[in-house]
Every structure is written in structure tokens, then in C-alpha cells.
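Chains as they are written, first to last, in numbering that gives the first Met the number 0: chain A, 0 to 269; chain B, 0 to 277.
Just so you know, not all the hints are guaranteed correct.
[Stated by the list, open to error] Simulated coverage check for chain B against chain A, where a stretch passes if three residues somewhere in it have a Cβ under 8 Å from a Cβ of chain A: (1) 109-117; (2) 149-160; (3) 174-184.
Calculated from the structure, these hints are not laboratory results.
Think of the CB as a built atom: it goes at the ideal place given N, C-alpha and C, for glycine as much as any other residue.
If you want the building blocks of each chain, they are given just below.
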Amino acid sequence: MSDYLFIVNVGDNIVSSVHISKFVPNRRAKSSEYINFKVGVYTQTKNNVNWAKIDEVGFDGDNNIQLKSSDYNLEIGQLAVVIPCEIGFELKESLRILPKPLSRKVDFSPVSERATISFERGKAVSSYQGDFPYQMSKVKGTFLAFDALAFNSHKGINNKLILINIFSQELTEKKQFSLHMINSITKENIKKQAYIHNSAAIMNFDCNKDLSYIFYSKDTLGIPIFISYHEDFDSNLSVEHAHPPAEYFFGESKFIGQQELKTNWLSKLT
Amino acid sequence: MIDKIKSWVPHSFKKIVSYSYPFNRSNQYTYFQPNFDQLNVSDFFLFRCDNFDTVFIAENNLAIFTSDPVECKHVFYFFSISGSNCGRFEVNSDSFHYQLKIDSEMTGGETIGGFIHQTAYPNEFLEKMPVFDSKQLIFQHRGYTGFRRKESSSSCFSFLHGNFGGMYIRKGKLHSMSRQRSEHCYTPQIIIKNDKFYELFFLNPTSKMLIISIFLIDKFNKTRTIGNSKISPFGSYKFELNTLSESEIENISWKTNLPIGRAIVFENNGVLFDVFHS
């Protein structure tokens, strides 16, 4: 298993950043403490199926690398994929397929090779330890998430769902996809948001506290990040990714459970 | 060639080997899984009733699984810093999610500690579903905990999802599938900044005393120990780090016998805060 990272322009003066260190995130005490690597930063513009390199960054004697969306000229909804790779790996200027990211595991310790994914608005910062697994970037998939993180539904609170979609394999064209928000009881459509491969779908939404919602796409998989903040004053920013449906189940039942759960929902949604 | 040989080995045999010494040094759970009706396991969550408000978004897994509302009994068990049972709260709801506002009455007056979430459904409902009748599926409660400063003018909670636990109640007693193994070092991908105040919360989801050592690593890779502690079974520990007098940006790491030794980190700048799983 290895993982991509990402930065994204989500608009509304929110800056996203990635922070990664050369220290191995989780390891046995006797295993190597750190590994040396560099990161390549690639993006795809709206109508292009080629990945363009926009940066290549090493540690240069430091222990940490931080990349910010505001340092690159990204349009709203545009992603930049951050790829950890070996120091000697040649990062070409243009690619059709993204290289497999370097694994930062040194033994059998669990926990993915994450980085800090942060979002900053004014003085408020909120972050989580996140990634985009390489295995996920190779399949088309579907997406389903619940509204548990839309709890901040008071007056004046802005809620955003950011759906991060990375497809590392070759594309021949950029298709238009749809992200839906539905009432989870009536299964009625509330809102729809268009997006394309290798971008972030950004859906601003309001919640009625008495109703519950789900978000889905039958077109691609993705990682959903929920952002909430109060518009009028220096408020805390809440940023968290919703856990995937497999996490509702324990142990070896995870993937059977996820498959059945998705079928139960997606078969009822048009 | 090795992969080919591996593919011939039955899955059940591979599983037994991976849970046997010395291959089990990073397995976070026990091999043996209890086999009783309505087994559901929970992560170990943090509550704060000190200068923070805590809310918990509990999931009705069966309703979420079937895509329709199902009556669910949610039960929350609270544990003090020393790991002793300090409170219990029960509620029925058929919604996909239930929002629990945690107060000190529920926690027996404890201001900081851990809690777990358990669910129960009518047996006649589960019997109709072959996957549950055959115990093929075990629900896991990962939930979302939200925190907000008590005196805050902001109505916004900051959320984080559950992380690790494998805990459950049977016949009124707390059990855990989490295990301590060989020593592991966890190094979150964060930098300790020189103008922030940090609160790190470590929860012990195992039935054994957990020993923890915390280190700072400077830019020359010099490591210095800044904390040592013992955390009681099912207890929790708060470590405070005030970096106002420090001039350097550093990395932080800790050593425990937990294969997944993540902490919950509050990064405070005096007015606002960020909370995340390390």
C-alpha cells in the first residue's frame, strides 16, 4: 500500500496545505526512524488528460515539507496531486499515468502513510491526518457518504462537501460526472453538482436539522471532506473526512458489509 | 515465486501464522473473536467536560446498512482517567444518526475520560437477515466526536472520527480485542510550532497498563524525552506541551506497546483551536 497526497483550491479564501515529514509515521521501535524521499506535484487542467508537473520538492536538510494551494495557480476545484517518490526517480514534465507513490512503510506496523491535510481560513486552521490510497486511484468505483459531519447546521454556518477524486490511470477524455445530495428518508434529490475526473467537486449545502441526507456518485469514488465555519466572525473551522462505508464493520466483514451497504442504497437511487 | 507460494496457502492458515509469535508483533487485535449474538465493537472516544463542550454523533449501523430507519437502543459507557466505570447513558432512536451532548451528569462528574458506544436491535429483525444470523457481519462504532470551547462565541464544533478500540460490553463487563505487542514509535506528520499550546490525549483501549514515553526531535535529529507515564487499563492521559518559550520548530514522537498508538491532539493558539487524530 502506498498513498498520494493532495492540495486543492476550494475557494472562499480557504487555503489547503499538506505537511509531510521524513519520519516514518508508524514503525516498530527497532525499525529505521526515517526515510529520504522527495515529492513531485502534478495537476490536470479542466480539459486536459495529461498531468503537468508544477513542482518537485526535497527536504534539503530539513525534516519537513509543507506545500500550500496558494503557492500554485490552481483554479477553484483544481487539484494538485503530491507524489512521494525516491530521490533518484525522474519526474517527467508531462505524464499520461501518475507514477505509483513510494511506500513509506518500513515494517508491518499498521496505519497508512498519511500526512497532515490542513485547511486555513483567516486565523482558523483545521486539519486531519489523511491520504488518497494508490489502490483507490486505479478504479472507477462509486461514492456514498452520510451527513454526520453536517452537524454544524446553525444559522450563519457554511457547510461544504469537497469530494476529492484522483484517477491515476490513462484517460482518453474528460467526462462530466454528478455528485448528488438526497434526503435519506424519501430518497428525493436535493442538489446536484457537476465534476470531472481528477478534480474536487465542491458542494455548498444547507441542512435542515430535522432531516438527514446522504451524498453519492455512481460515476467515481472519492474522499469526502466536510468543512464548516461561521461566516461572520473568526470562527473555528471544522474539517474532517467522513469514514468509508467499510468502517461500519469490524475485521474480515468490512468488505462484504461495504458492498452490501452500497448496493442497498445505490439500487434505490436514480 | 514467493507470491505464487503465498497464493497456494489457505487464508485461514495465513491468518493463524500472522497472529502467532513472532509474526504477531504489529497485530493490533486478538485472534480470538467472541461469538455471541449482537456483538458490536466500539472505538475508544475522548470526552471533555472541562473547558470544552463535547458532542458525539452516534451511528445507527443497521439503519445505515439497510438504508431504512430501524429502532436502535444506543448505550454509552463512560470511563474516568483511571479507567473506572463512571457513567452510563441510554437512548432509543430510529434515525440514521443520534447526536449526544455529553454533560458531567452522564460522566459521573468526571471532566475528562473515555467512552464507548454500543447498540442493540430487536432480535426478530436481525433473524430475518442471513448475514447477521450467521454472524458474518460485526458492527463497528467509529462515530464522530465534536469539541467546542465553552466560552466560545462560535457555534461551530470541530470534529474527528473514531480511531481505534475493538471494545464491547458483555454481561455488564467491559472487554477489548485490542492488544499490546512489541514497542512501536508513532510520529505524527505534524510540526510542533513555537507559538502554540498543545494538549495530547492518549487513551488505553487494552486491559493492561500502558507505558508511554514522549519525545521531541529537533532539526538536527536530536531526540529528547519530554514525558513518561503509565496509563491504567481503559484509562486516559493528558499531556500538555507549552512551546511559547521555545524558538525551534520540532517534530514529536512517542513510544508505546500499541501497534496503533495515535493520540488526539488539541493545538491551541489562545483563541482558536484545531483538534485532530495524530
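Status of each hint after checking the structure:
1. With a cut-off of 8 Å between beta carbons, the segment 109-117 of chain B has 0 residues touching chain A; three or more are needed, and the interface restraint is violated.
2. Residue count for the segment 149-160 of chain B with a Cβ under 8 Å from a Cβ of chain A: 10. That meets the three needed, and the coverage hint holds.
3. Using a Cβ-Cβ cut-off of 8 Å, 4 residues of the segment 174-184 of chain B lie near chain A, which meets the minimum of three, so the contact claim holds.
In the structure shown, a violation is registered for the earlier hint numbered 1 alone.
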